[in-house]
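Student: Work the whole structure out from these sequences, hints included.
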Amino acid sequence: MSLEVKKVSEIVGEIKNLLEHEFSNVSIEGEITNLSLSSSGHWYFTLSDKDSAISAALFKMDALRNPLMKTIKDGSKVVVVGDINVYPKRGTFQIIVKRIVPVGTGDLKEQFEKLKRKLASEGLFDMDQKKPIPQMPKRVAIITAQRGAALQDFINIYRRRSIWMDLLVIPTLVQGDDAPRAIRASLHNVIKYSMEAEPAKKIDLIVLARGGGSLEDLWAFNDEGLAYDIFNCPIPIISAVGHEVDFSISDFVADLRCETPSAAAEVITHHQTMIKDKMTNLRSRLKNVMDYKMSRLENRLKHAHPHAILNILLSRLASFQKRLSRCAIHQRLHELTNIHEFYLSLDENLERMKQILKERFKDYHHRLDKSRDVLKVLNPKNVLERGYGYLETEAGKVVASTSDFDKAPKGVSFNLHFHDGSRKVKSNEG
76 MSLEVKKVSE
86 IVGEIKNLLE
96 HEFSNVSIEG
106 EITNLSLSSS
116 GHWYFTLSDK
126 DSAISAALFK
136 MDALRNPLMK
146 TIKDGSKVVV
156 VGDINVYPKR
166 GTFQIIVKRI
176 VPVGTGDLKE
186 QFEKLKRKLA
196 SEGLFDMDQK
206 KPIPQMPKRV
216 AIITAQRGAA
226 LQDFINIYRR
236 RSIWMDLLVI
246 PTLVQGDDAP
256 RAIRASLHNV
266 IKYSMEAEPA
276 KKIDLIVLAR
286 GGGSLEDLWA
296 FNDEGLAYDI
306 FNCPIPIISA
316 VGHEVDFSIS
326 DFVADLRCET
336 PSAAAEVITH
346 HQTMIKDKMT
356 NLRSRLKNVM
366 DYKMSRLENR
376 LKHAHPHAIL
386 NILLSRLASF
396 QKRLSRCAIH
406 QRLHELTNIH
416 EFYLSLDENL
426 ERMKQILKER
436 FKDYHHRLDK
446 SRDVLKVLNP
456 KNVLERGYGY
466 LETEAGKVVA
476 STSDFDKAPK
486 GVSFNLHFHD
496 GSRKVKSNEG
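Residue numbers (this note's numbering): 76 to 505.
These aren't lab readings, by the way, just hints derived from the structure by calculation.
Values in this document were obtained by computation on a predicted structure and should not be read as measured data.
Check the hints yourself; a few may be wrong.
Cut-off 30 angstroms, straight-line C-alpha distance, at most; resulting in silico cross-link-like pairs (DSS-like, lysine-lysine) [as the list claims (entries may be wrong)]: (1) K125 x K164; (2) K206 x K189; (3) K397 x K429; (4) K206 x K353; (5) K351 x K429; (6) K353 x K277; (7) K267 x K193; (8) K482 x K456; (9) K485 x K499; (10) K145 x K173; (11) K125 x K184; (12) K353 x K433; (13) K482 x K501; (14) K205 x K276; (15) K445 x K433; (16) K81 x K164; (17) K397 x K353; (18) K437 x K362; (19) K125 x K91; (20) K145 x K135; (21) K277 x K351; (22) K429 x K368; (23) K193 x K152; (24) K368 x K351; (25) K91 x K164; (26) K368 x K433; (27) K437 x K368; (28) K451 x K368; (29) K148 x K173; (30) K91 x K135; (31) K206 x K191; (32) K433 x K351; (33) K152 x K135; (34) K276 x K213; (35) K277 x K267; (36) K125 x K191; (37) K206 x K267; (38) K135 x K164; (39) K429 x K445.
Tutor: Right under this line is the structure:
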């Protein structure tokens, strides 16, 4: 017995004929999600219930004949009338809607609002119950899909802006029937890990993250049990689920709601970025002040006398400059682990360093002036300029007294020195 083998196009063609013939002018009830209006005026959406979904299209001319389309939105429960259409190229089908009638809010939307009202009445959304978000967390756990865009967006911003934060990624199922249980289990594991960890490894903040999607896609974050877990969690939680227009129950219960995972990463690293910029600015200011002061001092010392004192002072200044580069402020930039204390004390230390430099420069200037005065007093040339002179023998010995002069034989030559030169003289007595 041989089986009949058909081509793909043949079997799809038969299915197309069967479906389009059997399901013409059919009425379907469901909930609208992913509603969008194209630039050509056609409407596209998904019609779904708890178990299934079908794509739908409402073309412009039919939409104009349905004025109630203005009231239709995501979550609306409707009855559509139309024809099933098969697209052979992809082997998919959709319903081409001719008429659409709203019949009330969709089941999922209704469940969402009902749970929202219940939890709000129990105080789970109250602002005074919110835990403060740490401005500079050291360890953050993110619960999200391992290969999702949400995690990649978060990590990209974290790597660019963070300077000391450790990130713990908890891969978790975030969509489907098993997702609520998986998210709750991951949250419990993070809490347990943090409670048992040593202080340096405790978790400071938890982020629940997921990219955008339909109401059905995000439904795991509308789980009632998860809402209570978030509320009772001892660690602050940020909910970053979906896009800006998406809201979930976790957004209302969490200590902070961020529109997207990227926005959550920016919030968490905001103060770290400010500190990083402040540190860079302070380093630059300190270096500029030191360079300016040293440049001025070196320029003044170049024109000072005598050279021996200048060389000594330059040597001392070089040593002082090395000491400045290793001073406490520079070391603290790398050694301080408590960035709060460092941030508050750095400006004060900078002013203190300026004062130290100012006092040192004042002291060096005073010592230079004193050395210059001493050298001026001791310089023999200054004495000669006042009209004095002195005698030297031909051998270069200074004639310091009349007895030295009288001891010299008659006719011996001497050198008589003045401030502007010398003359030879002879002794007539002896």
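Student: Work down the list of hints and note, for each, if the structure agrees.
Tutor: Hint check:
1. With a CA separation close to 28 angstroms, the supplied pair K125 and K164 stays within the 30 angstroms bound.
2. Simply put, K206 and K189 have alpha-carbon atoms about 25 angstroms apart, close enough for the 30 angstroms limit, and the pair holds.
3. Taking the CA atoms of K397 and K429, the gap is near 16 angstroms; set against the 30 angstroms cutoff, the hint holds.
4. For the hint pairing K206 with K353, the CA-to-CA distance comes to about 28 angstroms; that is within 30 angstroms, so the pair holds.
5. Taking the CA atoms of K351 and K429, the gap is near 23 angstroms; set against the 30 angstroms cutoff, the hint holds.
6. A C-alpha spacing of about 27 angstroms is found between K353 and K277, which places the hinted pair at or below 30 angstroms, so the restraint holds.
7. The hinted pair formed by K267 and K193 meets the criterion: a straight-line CA distance of about 28 angstroms does not exceed 30 angstroms.
8. The straight-line distance between the Cα atoms of K482 and K456 is roughly 28 angstroms, inside the 30 angstroms bound, and the hint therefore holds.
9. Our distance criterion of 30 angstroms between C-alpha atoms is met by K485 and K499, whose separation comes to about 14 angstroms.
10. At most 30 angstroms may separate the alpha-carbon atoms for a hinted pair to count; K145 and K173 meet this at roughly 16 angstroms.
11. Distance hint between K125 and K184 is fulfilled; the C-alpha atoms sit about 11 angstroms from each other, no more than 30 angstroms.
12. Restraint check for K353 and K433: the C-alpha separation of about 25 angstroms stays at or below 30 angstroms, so the hint holds.
13. With a C-alpha separation of about 13 angstroms, the suggested pair K482 and K501 falls inside the 30 angstroms cut-off, and the hint holds.
14. With a CA separation close to 23 angstroms, the supplied pair K205 and K276 stays within the 30 angstroms bound.
15. For the suggested pair K445 and K433, the alpha carbons sit about 19 angstroms apart, so the restraint of at most 30 angstroms is met.
16. At most 30 angstroms may separate the alpha-carbon atoms for a hinted pair to count; K81 and K164 meet this at roughly 16 angstroms.
17. Distance hint between K397 and K353 is fulfilled; the C-alpha atoms sit about 24 angstroms from each other, no more than 30 angstroms.
18. Restraint check for K437 and K362: the C-alpha separation of about 20 angstroms stays at or below 30 angstroms, so the hint holds.
19. A C-alpha spacing of about 26 angstroms is found between K125 and K91, which places the hinted pair at or below 30 angstroms, so the restraint holds.
20. As the CA atoms of K145 and K135 are separated by approximately 13 angstroms, the hinted pair is consistent with the 30 angstroms bound.
21. For the given pair, K277 sits about 24 angstroms from K351 by alpha-carbon distance, which is consistent with the 30 angstroms threshold.
22. Restraint check for K429 and K368: the C-alpha separation of about 9 angstroms stays at or below 30 angstroms, so the hint holds.
23. Taking the CA atoms of K193 and K152, the gap is near 22 angstroms; set against the 30 angstroms cutoff, the hint holds.
24. For the hint linking K368 to K351, the alpha-carbon distance of about 26 angstroms falls within 30 angstroms, and the restraint holds.
25. For the hint linking K91 to K164, the alpha-carbon distance of about 11 angstroms falls within 30 angstroms, and the restraint holds.
26. For the suggested pair K368 and K433, the alpha carbons sit about 9 angstroms apart, so the restraint of at most 30 angstroms is met.
27. Distance restraint check for K437 and K368: the Cα-Cα separation of roughly 12 angstroms lies within the 30 angstroms cut-off, and the hinted pair is therefore satisfied.
28. Distance restraint check for K451 and K368: the Cα-Cα separation of roughly 28 angstroms lies within the 30 angstroms cut-off, and the hinted pair is therefore satisfied.
29. Of the pairs offered as hints, the one joining K148 and K173 holds, with about 17 angstroms between alpha carbons and a cut-off of 30 angstroms not exceeded.
30. Only pairs whose Cα atoms come within 30 angstroms are accepted, and K91 paired with K135 is accepted, the gap being roughly 24 angstroms.
31. A C-alpha spacing of about 20 angstroms is found between K206 and K191, which places the hinted pair at or below 30 angstroms, so the restraint holds.
32. For a cut-off of 30 angstroms, the pair hint linking K433 to K351 stands: about 29 angstroms separates their Cα positions.
33. For the given pair, K152 sits about 21 angstroms from K135 by alpha-carbon distance, which is consistent with the 30 angstroms threshold.
34. Annotation: proposed proximity of K276 to K213 holds, straight-line Cα distance about 9 angstroms (limit 30 angstroms).
35. With a C-alpha separation of about 10 angstroms, the suggested pair K277 and K267 falls inside the 30 angstroms cut-off, and the hint holds.
36. The straight-line distance between the Cα atoms of K125 and K191 is roughly 19 angstroms, inside the 30 angstroms bound, and the hint therefore holds.
37. Restraint check for K206 and K267: the C-alpha separation of about 19 angstroms stays at or below 30 angstroms, so the hint holds.
38. Among the hinted pairs, K135 with K164 is consistent with the structure: their alpha-carbon atoms are about 24 angstroms apart, no more than 30 angstroms.
39. Annotation: proposed proximity of K429 to K445 holds, straight-line Cα distance about 25 angstroms (limit 30 angstroms).
The structure fails none of the hints (numbered hints given earlier).
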